[in-house]
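With the hints as extra help, turn the sequences into a complete structure.
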Amino acid sequence: DAKTTQPTSMDCAEGRAANLPCNHSTISGNEYVYWYRQIHSQGPQYIIHGLKNNETNEMASLIITEDRKSSTLILPHATLRDTAVYYCIVITSGGGADGLTFGKGTHLIIQP
Amino acid sequence: GAVVSQHPSWVICKSGTSVKIECRSLDFQATTMFWYRQFPKQSLMLMATSNEGSKATYEQGVEKDKFLINHASLTLSTLTVTSAHPEDSSFYICSLQGAGQRYYEQYFGPGTRLTVT
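As you go down the protein sequences, you meet chains A and B in turn. Numbering (my numbering) for the first sequence: 1 to 112. Numbering (my numbering) for the second sequence: 1001 to 1117.
Read the hints as simulated data drawn from the structure, not as lab findings. Don't be surprised by glycine CBs; every beta carbon is placed ideally from N, CA and C. Treat the hints with care, since some could be wrong.
[Claimed, not checked] Keeping only pairs whose Cα atoms sit at most 20 angstroms apart, straight-line, the calculated SDA-like set for lysine to any residue is:
id, chain 1, residue 1, chain 2, residue 2
1, A, Lys3, B, Glu1059
2, A, Lys104, B, Lys1064
3, A, Lys3, A, Gly103
4, A, Lys104, B, Ser1009
5, B, Lys1041, A, Asp11
6, B, Lys1014, B, Gln1029
7, B, Lys1041, A, Pro7
8, B, Lys1041, A, His40
9, B, Lys1041, A, Gln42
10, B, Lys1041, A, His107
11, A, Lys104, B, Ser1073
12, B, Lys1041, A, Thr5
13, B, Lys1041, A, Ser41
14, B, Lys1041, A, Thr83
15, B, Lys1041, A, Asp82
16, B, Lys1064, A, Asp98
17, B, Lys1041, A, Thr8
[Claimed, not checked] Among the chain B residues that face chain A by a calculated CB cut under 8 angstroms, a handful are:
id, residue
18, Thr1017
19, Phe1034
20, Ser1043
21, Leu1044
22, Leu1046
23, Gly1053
24, Ile1093
25, Phe1108
26, Gly1111
As C-alpha cells, then:
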C-alpha cells in the first residue's frame, strides 16, 4: 500500500473550515484514499473515502487532486468535538479483509 | 454503522496474571475481526486478524502464545493477554468487518486500556 505524509499537527478556529492535507505521491491506480479519525482514548471512526472524484458526506468533504498524489479532508464548520487525530490511509480496492495500517496522522486542535 | 462494544473498558492487573478482553458486535455479524494496540502517543498497530472458526493470523513481532485470540462466533472475539508484564500496558482496540464488505465498513470498538503493575 502507498505511504502517506501528513502534518503532525494543525490548529483551526471553531466555526471555521478545517483543511487537512495528505500527500500520497506513490498511490497506484487501484488504491483508494480513506480518512479516519480518533478522538482521545476512543476507537477510530471512519470519515470518508474516495478514488479519484471528490466526495462529500454528512461529516466531511474529500478533495483529491487530478493526479491523485494528494488529497485534502475538509471539515466545513469545525467544532470543539472535532479535536482528534486524523489519519489518511491509502489501501487497495477490493473486498479483502485486511487490517488497516495507520500512520502518525494529524493532530487537529480546534480552538474556541 | 455497526455497534461494537469492548469489555472491560479499562483494567489494572498485576504482573504475571492473565487478562481477557472481549469484543462484541451488537447488531452485526463479523466474519473477520482485527485486534490493534496503541501505546501512548503512538499510532494503532495491527496485532492480529481472526476469522470465525479458524486460527488467528498474527503480525510479525506479535507473540501468538502471549496474545491468545478466540473468534468464537460471528459476534464475539476475545483477546487474552497471558502472563502480562508492564510493557504490555497499552490501549487495545478491536474492529470488525462483515463478509464481502470493504474497508470503510470496518467498525471499531471503543478500546480497552490495560495497565499492568
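Hint-by-hint comparison with the structure:
1. For the hint pairing Lys3 (chain A) with Glu1059 (chain B), the CA-to-CA distance comes to about 19 angstroms; that is within 20 angstroms, so the pair holds.
2. Distance restraint check for Lys104 (chain A) and Lys1064 (chain B): the Cα-Cα separation of roughly 26 angstroms exceeds the 20 angstroms cut-off, and the hinted pair is therefore not satisfied.
3. Our distance criterion of 20 angstroms between C-alpha atoms is met by Lys3 (chain A) and Gly103 (chain A), whose separation comes to about 8 angstroms.
4. Restraint check for Lys104 (chain A) and Ser1009 (chain B): the C-alpha separation of about 24 angstroms exceeds 20 angstroms, so the hint is violated.
5. Between Lys1041 (chain B) and Asp11 (chain A) the alpha-carbon distance is near 18 angstroms, which keeps this suggested pair within the 20 angstroms criterion.
6. As the CA atoms of Lys1014 (chain B) and Gln1029 (chain B) are separated by approximately 34 angstroms, the hinted pair breaks the 20 angstroms bound.
7. Between Lys1041 (chain B) and Pro7 (chain A) the alpha-carbon distance is near 15 angstroms, which keeps this suggested pair within the 20 angstroms criterion.
8. This hinted pair checks out: Lys1041 (chain B) and His40 (chain A) have alpha carbons roughly 10 angstroms apart, not beyond 20 angstroms.
9. Taken as a hint, the Lys1041 (chain B) and Gln42 (chain A) pair is honoured in the structure, with Cα atoms around 13 angstroms apart against an allowance of 20 angstroms.
10. Taking the CA atoms of Lys1041 (chain B) and His107 (chain A), the gap is about 11 angstroms. The hint holds against a cut of 20 angstroms.
11. With a C-alpha separation of about 33 angstroms, the suggested pair Lys104 (chain A) and Ser1073 (chain B) falls outside the 20 angstroms cut-off, and the hint is violated.
12. Pair hint Lys1041 (chain B) plus Thr5 (chain A) holds up; C-alpha atoms about 18 angstroms apart against a cutoff of 20 angstroms.
13. The straight-line distance between the Cα atoms of Lys1041 (chain B) and Ser41 (chain A) is roughly 11 angstroms, inside the 20 angstroms bound, and the hint therefore holds.
14. At roughly 15 angstroms between alpha-carbon atoms, Lys1041 (chain B) and Thr83 (chain A) fall within 20 angstroms of each other, so this suggested pair holds.
15. Taking the CA atoms of Lys1041 (chain B) and Asp82 (chain A), the gap is near 18 angstroms; set against the 20 angstroms cutoff, the hint holds.
16. A hinted pair counts as satisfied when its Cα atoms are at most 20 angstroms apart, and Lys1064 (chain B) with Asp98 (chain A) qualifies at roughly 18 angstroms.
17. Distance restraint check for Lys1041 (chain B) and Thr8 (chain A): the Cα-Cα separation of roughly 12 angstroms lies within the 20 angstroms cut-off, and the hinted pair is therefore satisfied.
18. Nearest Cβ of chain A to the Cβ of Thr1017 (chain B): about 23 angstroms, over the 8 angstroms cut. The hint is violated.
19. Interface hint at Phe1034 (chain B): satisfied, since its Cβ lies 5 angstroms from the closest Cβ of chain A, which is below the 8 angstroms cut-off.
20. Look at Ser1043 (chain B): its Cβ gets to within about 4 angstroms of chain A, closer than 8 angstroms, so that hint holds up.
21. Of the supplied interface hints, the one on Leu1044 (chain B) holds, with its beta-carbon coming within about 4 angstroms of a beta-carbon of chain A, less than 8 angstroms.
22. A distance limit of 8 angstroms between C-beta atoms decides the matter here; for Leu1046 (chain B) the minimum to chain A is near 4 angstroms, and the interface restraint holds.
23. Hint on Gly1053 (chain B) is violated. Least Cβ distance to chain A is approximately 14 angstroms, over the 8 angstroms limit.
24. Taken as an interface hint, Ile1093 (chain B) checks out: its beta carbon lies about 5 angstroms from the nearest beta carbon of chain A, inside 8 angstroms.
25. Nearest Cβ of chain A to the Cβ of Phe1108 (chain B): about 3 angstroms, under the 8 angstroms cut. The hint holds.
26. Proximity of Gly1111 (chain B) to chain A holds as hinted, the smallest CB-CB distance being about 5 angstroms (cut-off 8 angstroms).
Of the hints listed earlier, those the structure fails to meet are numbers 2, 4, 6, 11, 18, 23, in rising order.
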